[in-house]
Amino acid sequence: MRLRRGQKPTRRLAHVWNEANCTACGACIIACTATNAPEMMHREEKGWNSLASNIRRIESANAQGRPTMLLNQCQHCEDAPCVHTCPFGAVYYNDDGLVAIDERLCIGCSYCVAACPYNVRWMHPDNGLPKKCMGQACLDLVAANQQPACVQACPANARDFGDLNDPNSSVTQTLRRLPNRVLLEKAGTKPKYFIVESAS
Amino acid sequence: MNTVERKGMKRRTFLGGATAAGIGAVLINKGWVDAAGFFGPNGVDIEGLQQAGYDVRHTICHQCGAACGLTGLVKTDAPANGDNFVVFGNQNPEHPQRGMCGRGATAPSTWNSPLRLKKPLKRVGERGSGEFEEISWEQALDEVAERLKGVIDEHGVRSICFARHNFQNEIAWLTMGLNAPNLIGQASTCNTAGVVARRWMMGGAFSHHAVIDPDYDNCRFVLLPGRTLNAPIGAQFRLAKAKERGARVAFLNPAHPDTAYGDGEWISCVPGTDDVFMLGVAKVLVDENRYDENFVRRYTNLPYLIKADGQPLSEADFEEEGDENRFKVFNGEEIVDHDLDGLVPELAYTGSVTLKDGSEVEVSTAWNLLLTHLNDYTPQRAARVAGVPVATIVRIARTLHTMDGVVEDTWYNTRNGNDSDAIMALMTVNGLLGNFDKPGGMCFRPGHGVPGTLSRDSDGTIRTRMGRELALPPPGRRIDQEMFPETNGTFEAVVRSVVDGEGPYPIKALFNVDATLFHRDPNTRRIEEMLRKLDLVITTDILHQEICDWSDYVLPTDMFLERRLLRGVGWTFKPTAVLAQAVTAPPPDADVRQIDWVGLELLRRIYPDRALSLGYEERFHAHDVFQDEFLGAIEDRRIEGLAANWNRDPAQVKEELLREGFVTFRDIEYGNVPYKRPFASPSGKLEIYAFHPVRRGYREHGFARHIEPPAFTMPSGRREFYLVNGKSPSGSSAVAGLAFSTQYLADNSVWIHPDDAAHLQISDGEEVELEGLDTGWVAKTRLKVTHRVHPGTLFTYSYVGGNRQRILEQTKGFEGLAKGINPHWFTTGWIDPTTGSAFNNASVRIRRVV
Amino acid sequence: MNVADLTLQADVAHWSWTIALFLWFVGIAGMGSVAYYFSRKAPLAITIFASLVIGLLLVVSHLTRWWNLPVTIFYAVLELSFNFQSWMFWGFVILSVHLVFSAVVVLANIPYLQRFWFLRWGAVLNQSNLFLGGFAFAGFMATVYSGFLISTAAGVPLWNTALIPVLWVISASVATVAVLELFYVFGWVEEREAAFGLRIGMGLDVMKLLAVLAFIHISLTVGTMGAQIGAERMFSGDLAMLTWIGVIGIGILLPLAIGAFTLLFGKKKPLLAVSAVAALAGVLFLRAAVLLAGIWEPLVI
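Protein chains in written order, with this note's numbering: chain U, 1 to 200; chain P, 1001 to 1850; chain R, 2001 to 2301.
This is chain U alone, in the form it adopts within the complex (with noise of 0.2 Å):
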């Protein structure tokens, strides 16, 4: 269901991605293309030069050389950039507190692309659409109370999903219990994608 302007959404659904426990080894990436974009398993995604996954991988290092890897994605930010900017509102709020996308309304602009300070988005090469966290396969999958693709194929217990709003939900007392980020904190867009930074 769409948000109108002003509306609170009923849920607030989050992803919390545990780097602690991530052990880099891929399987969300793919779970996520095979879930998501099942057509494009055997297809280069040509803009990132790499698999059509709403999930990449970013390699790097800290001040101390420590190499460091972040799994970036759609933050579903709460106060998104993609939003605004879209010219027909085909990207919107759903009252899962979820970014979507209504594809009617999509003419493909990239206006998303390019305002989105996290540049998670891929472009469907059939299709056009601005491509991203989450595909509609996992979308449906939350509808019918399930988890999303990437948190099922998890082995390392890295990734989870759930509701802000529920006192009782296992991301919210994870929050609660553990060290956590959000990436780009001062870019003002509120993103619901947690980094836990320990496992204990």
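It cannot be assumed that every hint is accurate.
Said to hold, decoys possible - Calculated pairs, DSS-like style, for lysine-lysine (alpha carbon to alpha carbon, straight line, at most 30 Å): (1) Lys2041/R - Lys2268/R; (2) Lys1075/P - Lys1654/P; (3) Lys1075/P - Lys1118/P; (4) Lys1075/P - Lys1119/P; (5) Lys46/U - Lys1780/P; (6) Lys1819/P - Lys1118/P; (7) Lys46/U - Lys1812/P; (8) Lys46/U - Lys1819/P; (9) Lys1119/P - Lys1819/P.
Stated by the list, open to error - Partner residues are not named here, just some residues of chain P that face chain U (Cβ under 7 Å, in silico): (10) Cys1101; (11) Gly1102; (12) Gln1236; (13) His1256; (14) Phe1740; (15) Ser1741; (16) Arg1788.
Don't read these hints as lab results, they were simulated from the structure. Owing to the predicted nature of the structure, the values given are computational and were not obtained by experimental measurement. For glycine and all other residues, C-beta sits at the position ideal for the given N, C-alpha and C.
We have chain U already, so just place chains P and R on it with the hints.
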């Protein structure tokens, strides 16, 4: 047990509820909305699902060799077109090795890969040309059988070598039926160093890498030298849970393992120095009195007396006909037999004894010798050699002691040619810590009780599980064991036989059983030379591997999603059997067969009577009848044996195997080895001073020691580097290495440290030439400048680059698999003469491309 | 490690030369409409209209779902899903109005069409200061919009500055003056207008130089890391040639030098032509340099 708890309930499988949402993944994507209704908080209603046209089929992953538990959901009435099934990690938290990594996630794309072998192929061009014609199975089997028969008639059956990686049981119908001795596993570049070292220290029963492991569920601190823990993935899940309770993990490795991203400490070291690092740790433990003296005295052979010549003192030194395995120790008053009841021998003793020939020799306890030995391995020297800070060695030693930690015993460990010493050194540390068979310690897998399909009596008679017999003489020793008696599988013996004419007899034909020679065995140029010289090369495989281009016949085999398999589970301390079901049929255009069937079809063409003796009747010539009735009957019989071994009802065991995919027969039991059940070494103890290699004359003393990697020229100068490799959980395996996603998720560049890159003025992503210092092989590759590799060292993921099969040029989107390098272009093929172990690392020179 | 590598900028949005050309054409048409208020010449009217049409064709060609435009507009109207927060939505409105206005002006400037009585209202409107004021305003807004379009693309911090709309207006004015100079060279406008343009143009050139340098300086010194990396690329990195030679050398200094020469020694038509073409090219280079330099904020450092 699940079964007990759910008795009387509607038949449900553990596929949802508390731990993960489970099988719902992709349901709706497939348009299987009607299936979703059968998923509830207590699991999945199997009958309901089946009535709706779906089936839950558990399986085990074979995208690498770890055999993790997966589950498939299948639409039973749909055609096998890829939309008829989904697979994901088995969701039952009781499963001891469940879960799917990036390699497992590629399974559906392997199933319908454009690189999938679909028809038997017959070579029409030169070997290596990759030019084939498609032929029928009948023609393929007739011609292959005739060619094999020709080789047997001319050179004897021992001149045929079967190379295998995982499928020794499946091909055994053929190898046993032919009475061929040479079924050689590709272990020498994988686990041989560790297997031999563990055998030397703990005995044959404790030598296998899947038998001894840290108890991840309860671990507090684990040091993993040269181990990434990318497989089995179940260990990752258990480790993640332990980390949530505060456990810590550290990796000792020249390259940063992906797993270390997960809050693991990475200790970056010079390649080939694990041994010296571990001995440095041992020195700290001893110097700071941080060892378990009780364990060391009771359960290691450090109190045993060693003569000046390095040999253990035994009864045979005093008595004619004396038992050489009755060792001597000092009990505080006198020298006594080691196996006296209640004896707790002294650690420190040096004296002299008079032997039966009247000579007087100096004897010392191994402990005393160890103290002297470790003087060469001060943390300062270890740090200098290994390129790590002294403080790190000291800290790790102290952490191992204070946190009750363990050192992982490794799996894929043949790196530099000095690897057996590395494993012996780490087991020395474990021995000093004494943390065995306790929660969080090094524990041992009990027998799972799954009976085999074929067995062989000492007189050579072959018996099948169905009670059939085939009387044949013993086939003799494998050629690799003739050349390297300690090995568990050294394929290089075949290369030497063919290329150099070495060994007791020539090998003339090679039969690769889903074995990827090029990414697995050293020195590609020699492999090519061998392939050119052989009379006959036959390969079975799922995908068009590089070896296929060099084969006279290529026979397409099925993949794990398409066949059943009953086996025990490794890397667990709970005895567990798994039954993998066929999730789906092969793709409609893939005329693929099971290896067992291929073997029996060849056998019946060569020796019809032998095939018949093994129970292979004419009606089984039809592949589906063979699978259902021939293998089905054997499976039932094996389940009966399994149930009998655990005093369980066979029907109940089978039902549980089908429902859950596995049966665990009992929980973990601590406190057995070595406390109640001794090790299988000559002394029955953990032999920190290994007696076997000393007695055989392989070594002057039985301790782990550091030697310079003898397998390749050491790099010197700023342009020369170690070239090391390791596995990516996103693609490093023979099968997953050819997955489409591997091109993107398992980086196929070569890593270089930023300091080295700066010195050579190389920028990130630059293409350079690598030249093997020993092999002279020159290859262009892209360099990635990263902190993930030790200075002076280059790293690349194994299996994900340097594929040269021609089909890649013709397969749109898969060209990237040809990029990067195959590390074995640069390895020499040196084999450790005592262990038979090969190695995977090499040295190269970097040249900038102008 | 090169921090720029961490931004993983991918050519996903394709916001490069196509969009630079679009912005350039919209700028010429936009500020051209302002100039038209003072210089109501047919060549200018046609230039405005043609620029707008070409610019719009370019932008439509860049849409990955251009075929979906009618469907989108249908549903957007039906469900009132227009996003008034989006500068691109306002861009559609402004450009549509501007296009209609410029069509009217072209219509009025083509004598052949004025034969038809039912088209003569165009000529009437073309003489109305109110209408032409509206046209000038629409053109000005179109230029401003083309700046805000990228200023509000929040993903690319280099662009997130109020200087861009200002810079766009100044540089589009430069382009318009150059167009008028070219017309003078071709003999389509009188010397008086061109001479006026010359002085204005030199003033604008100086302002543009200041604005470009300010843009780079501000981004380099107080911008976020993403803005700094982008500005570095313009200042000393892979886009430095485009910036220093294209934008500043050809686009600003050369026209300034020729302008000074002209003021001292009198008009030379070939020199004026060179100056005008250089100024026009410089305006295009400026848009391209800014677009190409835009990278995403590094997520990890």
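Consistency of the hints with the structure:
{"no.": "1", "hint": "Lys2041/R - Lys2268/R", "result": "holds, 23 Å"}
{"no.": "2", "hint": "Lys1075/P - Lys1654/P", "result": "holds, 22 Å"}
{"no.": "3", "hint": "Lys1075/P - Lys1118/P", "result": "holds, 23 Å"}
{"no.": "4", "hint": "Lys1075/P - Lys1119/P", "result": "holds, 26 Å"}
{"no.": "5", "hint": "Lys46/U - Lys1780/P", "result": "holds, 24 Å"}
{"no.": "6", "hint": "Lys1819/P - Lys1118/P", "result": "holds, 25 Å"}
{"no.": "7", "hint": "Lys46/U - Lys1812/P", "result": "holds, 13 Å"}
{"no.": "8", "hint": "Lys46/U - Lys1819/P", "result": "holds, 18 Å"}
{"no.": "9", "hint": "Lys1119/P - Lys1819/P", "result": "holds, 27 Å"}
{"no.": "10", "hint": "Cys1101", "result": "holds, 4 Å"}
{"no.": "11", "hint": "Gly1102", "result": "holds, 3 Å"}
{"no.": "12", "hint": "Gln1236", "result": "holds, 5 Å"}
{"no.": "13", "hint": "His1256", "result": "holds, 5 Å"}
{"no.": "14", "hint": "Phe1740", "result": "holds, 5 Å"}
{"no.": "15", "hint": "Ser1741", "result": "holds, 5 Å"}
{"no.": "16", "hint": "Arg1788", "result": "holds, 5 Å"}
Checked against the numbered hints above, the structure violates none of them.
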